[in-house]
Amino acid sequence: MRGHGPLVSEAELHGFVDGDMDRGRREAVQTFLAASPGDAARVERWRRQNETIRAAFAPVETGPLPWSLPLAPGAEGVAATGHAAGGQAEASGSHAWRARWFAWLIGLSFACGALLAASAAYLAGRVNAPEAAPPSSEGPTPVGMNDNTFDTRAMLALRAFEPPPAAVRLSPNSDGPEQDTGAPILPNLPVEGLKLAGVRAMPGEQGQMLCLVYASPDEANIALCVEKAGDPGETVPRVSDNFPSGAIYWRQKGAKYALVGAIPEARLRSLADRVRAQVEAFDGR
Amino acid sequence: MALRDDLNLCAPRLCRYARALVTGQPGPSEFADDLVHAVLLRTWEAGTALRLARGDLQLHLYTLLTEWHRERLAAGRMGGKAHMEKENFSAGGPRAAGNLPVPASPRDKFAAALLALALEEREALLLVVLEGFSYAQAARILKISRTVLIMRLACARAALSEIPAPEAPSRPAKTRSSYLRVVK
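Here the protein sequences line up with chains V and W, keeping their order. Numbering that gives the first Met the number 0 applies: residue 0 is where the first sequence begins, and numbers increase by one. Numbering that gives the first Met the number 0 applies: residue 0 is where the second sequence begins, and numbers increase by one.
Calculated directly from the structure, the hints in this document are not laboratory data. Hints should not be assumed to be uniformly reliable.
Restraint ranges, calculated between C-beta atoms of paired labels, are given here [unchecked claim]:
(1) W:D4 x V:P65: 31 to 39 Å
(2) V:E43 x W:G75: 15 to 23 Å
(3) W:G75 x V:R22: 20 to 28 Å
(4) V:E9 x W:E29: 33 to 41 Å
(5) V:G23 x W:E29: 45 to 53 Å
(6) V:L115 x W:G131: 46 to 54 Å
(7) V:R22 x W:R145: 12 to 20 Å
(8) V:D21 x W:P105: 51 to 59 Å
(9) V:G62 x W:S133: 21 to 29 Å
(10) W:S144 x V:R47: 37 to 45 Å
Some chain W residues well away from chain V (every beta-carbon gap over 12 Å; in silico) [stated by the list, open to error]:
(11) R18
(12) E29
(13) A31
(14) V35
(15) R50
(16) A52
(17) R53
(18) D55
(19) L58
(20) L113
(21) A137
(22) I162
Ideal Cβ placement from N, Cα and C applies to all residues, glycine included.
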């Protein structure tokens, strides 16, 4: 390019605007532009273009990115696969990456869920293992209890209902090494119309708590629950005040009893009295 | 610094370049952003094998993005959002600007002016002006000589002429009269 000053090429003018030029030549270009208003105007227009472009996209650098940073450590190896067959495959590479990422997340979720379920089953097994045993005080049941042990324990439970050799009945002093006289007694509710629907064992304060659930065609279900008491003292029945799901509970013969059901309080008391009488009269015969 | 940190540092600039290249606008573009993400992940995967210095890493990222963008265009897999660019690419540069729909807002005019450039001219302009690469670096990214790069720059600048600013001058909005009127 020929001007009034030193010779300056078109490339040098672009380099001048873009800052890609030696310092020595920069002074020469400045001298040239000072003497060539037309070229100076052109260079000024380029400079404005540069500023406009930079200003237009400045927010992108400081704005939020569409994906989370930092790059996830497990993210590698996904996009590249989509590009393996050349750039054409990459057109959908990112979508494939998303799909695989979600698939991986779902797989991980299932794995975690399975692990949690297994852990819960294991813990439940540990917690419920003693409940499978009869209400005796023989201590916790081993998790790996075999059938022979179970049979023995079942027979012990039955022998607790056999008449003791001495006249002492259900006494703590009764001998007989296999007889668990401290086992709570679960009487049958002597009421017409009630039908035993099931037995439920739950963790209690002193071992396990057993509940007999009775169903009635006319009333709501009733549960009679018992667990071994910490002390041998007896108490009078007390009624909780959260009716209609009422409960009445008492302590009797080394066990805690509770009768619960959505029935009137008077009915609940009547049933409790009959249970108490049956427990009191229990002799194992 | 770990490769992941370097990539994360490069991500915003790479995103800026991709959006400018694809849509001519700074706003989010699924096409451009996906492209960037794919480039980052690809580089992250191959990072241990590449063992690039940070400067070379940048050149590698921009080279990859530019190439993949070209490949996508060539494959004709442009999405709807890049429709204008595809049209421009196939027609070839500012001479095809007349085919583009008439942009309304200054932002659209700015984007249309960028997209009206030929792809290779736009690449050169954005790498040098927007991303601040030296001529040598830009030429390396585009795999062309310095002379060719400057020629493309010159063509782009001549075509842009007075590029409109994307944002309109801030004037107080003229209050429009309400369309609700009391009818007696």
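Here is how each hint holds up against the structure:
Separation of W:D4 from V:P65 is about 19 Å and departs from the stated range, judged on CB atoms against 31 to 39 Å. At roughly 40 Å, the beta carbons of V:E43 and W:G75 sit outside the given window of 15 to 23 Å. Checked against the given bound of 20 to 28 Å, the beta carbons of W:G75 and V:R22, roughly 47 Å apart, lie outside it. Range check, V:E9 to W:E29: about 39 Å between beta-carbon atoms, so the 33 to 41 Å window is met.
One distance hint, 45 to 53 Å for the beta-carbon pair V:G23 and W:E29, holds here, with the actual separation near 48 Å. Restraint check, V:L115 to W:G131: a C-beta distance of roughly 52 Å satisfies the suggested window 46 to 54 Å. Judged by the Cβ atoms, the range 12 to 20 Å given for V:R22 and W:R145 holds: they are separated by roughly 19 Å. Taken as a hint, the range 51 to 59 Å is violated for the pair V:D21 and W:P105, whose Cβ atoms sit roughly 38 Å apart.
Distance hint check for V:G62 and W:S133: the Cβ-Cβ separation is about 26 Å, which falls inside the suggested range of 21 to 29 Å. In this structure the hint that W:S144 and V:R47 lie 37 to 45 Å apart at CB is violated, the actual value being about 28 Å. Not every CB of chain V lies more than 12 Å from the CB of W:R18, the least distance being 6 Å, so the non-interface label is violated. Not every C-beta of chain V lies more than 12 Å from that of W:E29, the closest at about 8 Å, which undercuts listing it as non-interface.
With a closest Cβ-Cβ approach of about 9 Å to chain V, W:A31 is found to fall inside the 12 Å limit, against its non-interface label. At roughly 8 Å from the closest C-beta of chain V, the C-beta of W:V35 falls inside 12 Å, breaking its exclusion from the interface. For W:R50, the condition that its CB be more than 12 Å from all CB atoms of chain V holds, with the nearest at approximately 15 Å. No Cβ of chain V approaches the Cβ of W:A52 within 12 Å, the least distance being about 19 Å, so the stated non-interface status holds.
Chain V leaves W:R53 outside its interface by the beta-carbon criterion, the shortest separation being 16 Å against a cut-off of 12 Å. Every Cβ of chain V is farther than 12 Å from the Cβ of W:D55; the closest lies at roughly 19 Å, confirming the non-interface assignment. For W:L58, the non-interface assignment is confirmed: its Cβ lies about 16 Å from the closest Cβ of chain V, beyond the 12 Å cut-off. For W:L113, the shortest C-beta to C-beta distance to chain V comes to about 8 Å, within the 12 Å cut-off, and the non-interface label is violated.
With 12 Å as the threshold on Cβ separation, the claim that W:A137 sits away from chain V is violated: the shortest Cβ distance comes to roughly 9 Å. A beta-carbon of chain V is positioned within 12 Å of the beta-carbon of W:I162; the least distance is around 5 Å.
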